[in-house]
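S.K.: Each residue of the sequence shown is one higher than the one before, counting from 10 in my numbering.
Wrong hints could be hidden among the right ones.
[Unchecked claim] With a Cα cut of at most 27 Å, we get these calculated DSS-like pairs of lysine-lysine:
1) Lys92 with Lys76
2) Lys138 with Lys92
3) Lys116 with Lys138
4) Lys125 with Lys101
5) Lys96 with Lys122
6) Lys125 with Lys138
7) Lys122 with Lys101
8) Lys125 with Lys96
9) Lys99 with Lys138
10) Lys92 with Lys153
11) Lys77 with Lys101
12) Lys63 with Lys138
13) Lys153 with Lys125
[Unchecked claim] Label pairs and their calculated CB-CB ranges:
14) Arg56 with Leu91: 20 to 26 Å
15) Thr72 with Glu121: 15 to 21 Å
16) Leu111 with Asn57: 33 to 39 Å
17) Ala166 with Gly88: 26 to 32 Å
18) Ile114 with Pro65: 19 to 25 Å
19) Thr72 with Ser97: 48 to 54 Å
20) Gly140 with Gly88: 39 to 45 Å
21) Lys116 with Ser152: 20 to 26 Å
22) Arg123 with Leu60: 14 to 20 Å
23) Lys92 with Arg118: 26 to 32 Å
24) Lys153 with His124: 54 to 60 Å
25) Ile66 with Ile114: 26 to 32 Å
It should be emphasised that the hints constitute simulated quantities derived from the structure, not laboratory data. Think of the CB as a built atom: it goes at the ideal place given N, C-alpha and C, for glycine as much as any other residue.
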Amino acid sequence: MTRAARVPKEYKECDQHEKAYQSQDAVFVARKRSVGAKKGKPMRYIRNVGLGIKTPISAVEATYVDKKCPFTGNVAIRGRILKGVVKSAKMKRTIIVRRDYLHYITKYRRFEKRHKNVSAHCTPAFSVKEGDVVTIGQCRPLSKTVRFNVVAHEPAAAEMAGKKS
Numbered sequence: 010m011t012r013a014a015r016v017p018k019e020y021k022e023c024d025q026h027e028k029a030y031q032s033q034d035a036v037f038v039a040r041k042r043s044v045g046a047k048k049g050k051p052m053r054y055i056r057n058v059g060l061g062i063k064t065p066i067s068a069v070e071a072t073y074v075d076k077k078c079p080f081t082g083n084v085a086i087r088g089r090i091l092k093g094v095v096k097s098a099k100m101k102r103t104i105i106v107r108r109d110y111l112h113y114i115t116k117y118r119r120f121e122k123r124h125k126n127v128s129a130h131c132t133p134a135f136s137v138k139e140g141d142v143v144t145i146g147q148c149r150p151l152s153k154t155v156r157f158n159v160v161a162h163e164p165a166a167a168e169m170a171g172k173k174s
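Please take these sequences and the hints and turn them into a complete structure.
M.R.: Here you go:
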């Protein structure tokens with residue numbers, strides 16, 4: 010059983026908000042389009058990450074250019090897949106994910122709470138806010154501290170329940 014690939018309906022110019030011209034590496038923008046041609050290669054590069062991770066529709070239909078995106082860029086997800094809560098989303102395309110865990114103390118036969126903060130690259134396909142639960146996948150080093158990429162996003166439960174503040 011083959012699944013039909015999701016492709017954008019027509020070509021839209023990529024978002025241009027940087028000094029340099031933004032285009033995807035795998036797409037040749039200036040190709041000739043003949044009038045009566047059959048459907049050819051789409052004008053947006055999208056790929057399947059694998060590992061049971063679905064490509065979000067926002068990555069398929071959007072016009073952003075991100076070379077560190079696992080869905081539209083040149084990054085492979087391999088190694089660990091982790092879940093955590095977004096602690097900070099103040100950086101450009103980078104978030105801090107807090108991972109809580111229990112550490113066993115043998116002497117007292119009890120657990121203590123510990124946590125680790127992990128930096129992760131967040132593509133424009135996900136609109137992540139503080140308190141959201143994200144799934145991150147390990148990839149090659151993207152910067153000095155970033156070794157993970159956001160592959161799934163679940164909005165915070167408190168906002169969905171209509172929490173009063």
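S.K.: In ascending order, which of the hints set out earlier in this document are inconsistent with the structure?
M.R.: Those not satisfied are hints 3, 7, 15, 18, 19, 20, 21, 22, 24, 25.
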